[in-house]
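Participant: In order, the protein sequences belong to chains A and B.
Sequential numbering of the first sequence, starting at 1, is according to my numbering.
Sequential numbering of the second sequence, starting at 1, is according to my numbering.
Hints should not be assumed to be uniformly reliable.
[Said to hold, decoys possible] In silico lysine to aspartate or glutamate, DMTMM-like type, Cα no more than 25 Å apart, as pairs:
#1 Lys166/B <-> Glu251/A
#2 Lys166/B <-> Glu177/A
#3 Lys185/A <-> Glu190/B
#4 Lys150/A <-> Asp197/B
#5 Lys242/A <-> Asp174/B
#6 Lys196/B <-> Glu177/A
#7 Lys199/B <-> Glu219/A
#8 Lys199/B <-> Asp174/A
#9 Lys237/A <-> Asp174/B
#10 Lys185/A <-> Asp197/B
#11 Lys185/A <-> Asp203/B
#12 Lys166/B <-> Asp250/A
#13 Lys9/A <-> Glu156/A
[To be verified] From chain B, some residues computed to sit far from chain A (all C-beta separations above 12 Å):
#14 Ala64
#15 Tyr65
#16 Gln99
#17 Trp127
#18 Arg131
#19 Gly141
[As the list claims (entries may be wrong)] Just the calculated beta-carbon pair ranges, DEER-fashion:
#20 Gly216/A <-> Glu200/B: 22 to 30 Å
#21 Glu38/A <-> Cys132/B: 46 to 54 Å
#22 Lys218/B <-> Met215/A: 29 to 37 Å
#23 Arg133/B <-> Glu278/A: 32 to 40 Å
#24 Trp204/B <-> Glu177/A: 41 to 49 Å
#25 Pro32/A <-> Thr117/B: 45 to 53 Å
#26 Gln173/B <-> Asp266/A: 45 to 53 Å
Don't read these hints as lab results, they were simulated from the structure.
Owing to the predicted nature of the structure, the values given are computational and were not obtained by experimental measurement.
Where is the CB? At the ideal position from N, CA and C, for every residue including glycine.
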Amino acid sequence: MSTKGNGYKSGSNLEKVLKAGHFAFTGELGPPRGSNAEEVRHKASFLKGNVDSVNITDNQTAMVRMSSWAASLLLIQEGLEPNFQMVCRDRNRLAMQADILGAYAHGIRNMLCLSGDHQQFGDHPQAKGVFDIDSMQLIKMVKKMRDEGKFLGGAELDGIPKMFIGAAANPFADPFEWRVHRLAKKVEAGCDFIQTQCIYNMEKFRKWIQQANDMGLTEKVYILAGVTPMKSVGMAKYMKSKVPGMDVPDEIIERLQGAGKGKVADEGIKIACEQIEEFKEMKGVHGVHLMAIEWEHKVPEIAEKAKVLPRPKIE
Amino acid sequence: MIVAKRKPFDEIKEMIKPFKKVLNVGCGTCVSVCLAGGEKEVAVLNAEIEMARKLDDNPIEITAYTVERQCDREYLAELDEIIKDKDAIVSMACGVGIQFLAERFPEKPVFPGVDTTGLAVNQEVGWYEERCRSCGKCVLGMTGGICPVTMCAKGLYNGPCGGTNKGKCEISQDQPCAWYMIHERLSQQERLDLIKDFKEPADWTDQTPRTLIQPGYKKPDKEESK
Numbered sequence: 001m002s003t004k005g006n007g008y009k010s011g012s013n014l015e016k017v018l019k020a021g022h023f024a025f026t027g028e029l030g031p032p033r034g035s036n037a038e039e040v041r042h043k044a045s046f047l048k049g050n051v052d053s054v055n056i057t058d059n060q061t062a063m064v065r066m067s068s069w070a071a072s073l074l075l076i077q078e079g080l081e082p083n084f085q086m087v088c089r090d091r092n093r094l095a096m097q098a099d100i101l102g103a104y105a106h107g108i109r110n111m112l113c114l115s116g117d118h119q120q121f122g123d124h125p126q127a128k129g130v131f132d133i134d135s136m137q138l139i140k141m142v143k144k145m146r147d148e149g150k151f152l153g154g155a156e157l158d159g160i161p162k163m164f165i166g167a168a169a170n171p172f173a174d175p176f177e178w179r180v181h182r183l184a185k186k187v188e189a190g191c192d193f194i195q196t197q198c199i200y201n202m203e204k205f206r207k208w209i210q211q212a213n214d215m216g217l218t219e220k221v222y223i224l225a226g227v228t229p230m231k232s233v234g235m236a237k238y239m240k241s242k243v244p245g246m247d248v249p250d251e252i253i254e255r256l257q258g259a260g261k262g263k264v265a266d267e268g269i270k271i272a273c274e275q276i277e278e279f280k281e282m283k284g285v286h287g288v289h290l291m292a293i294e295w296e297h298k299v300p301e302i303a304e305k306a307k308v309l310p311r312p313k314i315e
Numbered sequence: 001m002i003v004a005k006r007k008p009f010d011e012i013k014e015m016i017k018p019f020k021k022v023l024n025v026g027c028g029t030c031v032s033v034c035l036a037g038g039e040k041e042v043a044v045l046n047a048e049i050e051m052a053r054k055l056d057d058n059p060i061e062i063t064a065y066t067v068e069r070q071c072d073r074e075y076l077a078e079l080d081e082i083i084k085d086k087d088a089i090v091s092m093a094c095g096v097g098i099q100f101l102a103e104r105f106p107e108k109p110v111f112p113g114v115d116t117t118g119l120a121v122n123q124e125v126g127w128y129e130e131r132c133r134s135c136g137k138c139v140l141g142m143t144g145g146i147c148p149v150t151m152c153a154k155g156l157y158n159g160p161c162g163g164t165n166k167g168k169c170e171i172s173q174d175q176p177c178a179w180y181m182i183h184e185r186l187s188q189q190e191r192l193d194l195i196k197d198f199k200e201p202a203d204w205t206d207q208t209p210r211t212l213i214q215p216g217y218k219k220p221d222k223e224e225s226k
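Generate the whole structure from the sequences, applying the supplied hints.
Facilitator: What follows is the structure, encoded as structure tokens:
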């Protein structure tokens with residue numbers, strides 16, 4: 001079920017890097033709250049050459065932004081590879097498939113399939129959430145389009161979108177024992193790679209990846225560990241108490257507090273780099289997904305310090 | 001049962017502003033049990049409207065009548081005479097009852113006195129929780145008797161999402177995570193295998209008006225119906 005001849009499913013750079021056995025390093029870019037294309041190009045300039053692929057968020061936190069496929073195209077123009085995020089909140093199965101076809105036609109090769117934050121969080125809390133299909137079903141739909149050349153409804157496609165299919169995993173949410181089964185379900189549905197929720201609780205993550213290894217899942221799917229460096233003590237506290245599904249141990253907050261005035265952000269980057277070092281050695285982890293939220297200009301520095309440069313180039 | 005909530009007073013008052021002779025029709029079934037539109041609520045609303053209209057120097061003659069069920073033709077027939085001299089009708093039944101009333105008296109303007117909010121259980125007198133969205137494709141057998149369409153804020157069939165938070169939903173600490181509960185219950189029953197399998201996308205049969213005809217139904221023949 002691969003792209004003919006070369007053994008790739010999509011032939012995206014991310015797929016090539018992972019398939020060649022390199023430790024992948026992906027970044028993230030949030031599109032602007034307006035039509036400011038220059039802002040996308042500006043943020044992209046910090047990511048270029050430092051990551052293998054860039055996630056383009058889809059109305060993240062349910063706030064309206066430039067659409068993810070459109071910002072993805074701007075990235076392609078800048079010579080970067082996008083990872084087109086798609087949430088189930090804003091589109092039904094017709095619109096989703098239409099966007100997948102259009103995105104592929106314009107050169108998008110990676111997709112990340114997500115449920116999406118509930119609309120109540122965003123700037124249009126009165127909106128009707130769609131959730132026609134869920135993230136699991138989205139994964140399977142994209143796979144069906146790619147591998148069977150068919151729409152979800154069963155009709156034949158005229159031109160097949162060969163996407164490298166990604167999904168998210170949260171190793172920390174309760175019930176913990178269910179998390180690995182949910183991962184298994186996503187693998188069964190057909191995802192090729194996983195990007196996890198931001199990891200701060202390393203002990204819990206080690207347990208989760210161990211379970212995934214034991215179940216043989218890490219041989220079937222590439223796992224990219226989610227890393228978000230803490231910018232401040234306030235951010236750490238906010239993420240601990242306010243962001244659903246986030247697990248921030250007190251040690252992290254204490255370590256940031258102990259860093260001293262003006263040095264908290266550096267300490268946050270240091271913690272992130274230590275994590276990345278451990279992930280490089282961790283069985284079952286195939287890369288890191290760096291979510292430097294509104295901190296894109298720090299990516300070159302973090303990539304440097306995490307010793308993930310230069311990024312591999314594969315023909 | 002079907003539950004409803006009385007509409008804000010000002011909204012009702014504004015809708016019936018131009019009318020002088022109004023009949024407010026209550027319903028003695030679901031909305032009566034959930035304290036939204038039974039005989040008592042009709043009386044309260046009428047008293048408020050009378051007083052407000054008097055203060056506005058726009059007096060109204062508003063009368064009350066509560067039928068057993070507004071979704072049944074035979075009970076609506078009781079209104080045929082009473083309604084003749086009215087300019088308008090307020091119905092405090094659920095959305096179903098309001099429409100059936102409007103259908104029976106197409107020449108009269110009909111206004112809703114309540115907002116229908118769903119199919120709910122009676123936790124206590126005055127406390128009702130939604131449990132069913134009448135999607136038409138029940139999956140309760142797979143989910144331990146907990147509805148993911150209604151109880152999960154995203155209506156996921158393959159939950160929980162990453163926003164599940166210590167047994168609560170990401171939307172609120174007061175809202176339990178449906179998929180957490182489903183997991184708990186199936187785990188207790190040692191039936192977790194049910195949700196390990198991929199659940200295919202739903203067939204949303206609730207997207208067109210549905211008519212239900214039971215197998216035993218026979219159209220009355222013309223002679224009898226006369």
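Participant: Now look at each hint and say whether the structure bears it out.
Facilitator: Going down the list of hints, with the structure as the test:
no.	hint	result
1	Lys166/B <-> Glu251/A	20 Å, holds
2	Lys166/B <-> Glu177/A	13 Å, holds
3	Lys185/A <-> Glu190/B	18 Å, holds
4	Lys150/A <-> Asp197/B	22 Å, holds
5	Lys242/A <-> Asp174/B	14 Å, holds
6	Lys196/B <-> Glu177/A	13 Å, holds
7	Lys199/B <-> Glu219/A	24 Å, holds
8	Lys199/B <-> Asp174/A	21 Å, holds
9	Lys237/A <-> Asp174/B	21 Å, holds
10	Lys185/A <-> Asp197/B	7 Å, holds
11	Lys185/A <-> Asp203/B	21 Å, holds
12	Lys166/B <-> Asp250/A	17 Å, holds
13	Lys9/A <-> Glu156/A	19 Å, holds
14	Ala64	35 Å, holds
15	Tyr65	36 Å, holds
16	Gln99	22 Å, holds
17	Trp127	22 Å, holds
18	Arg131	18 Å, holds
19	Gly141	19 Å, holds
20	Gly216/A <-> Glu200/B: 22 to 30 Å	25 Å, holds
21	Glu38/A <-> Cys132/B: 46 to 54 Å	50 Å, holds
22	Lys218/B <-> Met215/A: 29 to 37 Å	57 Å, violated
23	Arg133/B <-> Glu278/A: 32 to 40 Å	45 Å, violated
24	Trp204/B <-> Glu177/A: 41 to 49 Å	32 Å, violated
25	Pro32/A <-> Thr117/B: 45 to 53 Å	38 Å, violated
26	Gln173/B <-> Asp266/A: 45 to 53 Å	34 Å, violated
Checked against the numbered hints given earlier, the structure breaks hints 22, 23, 24, 25, 26 and satisfies all the rest.
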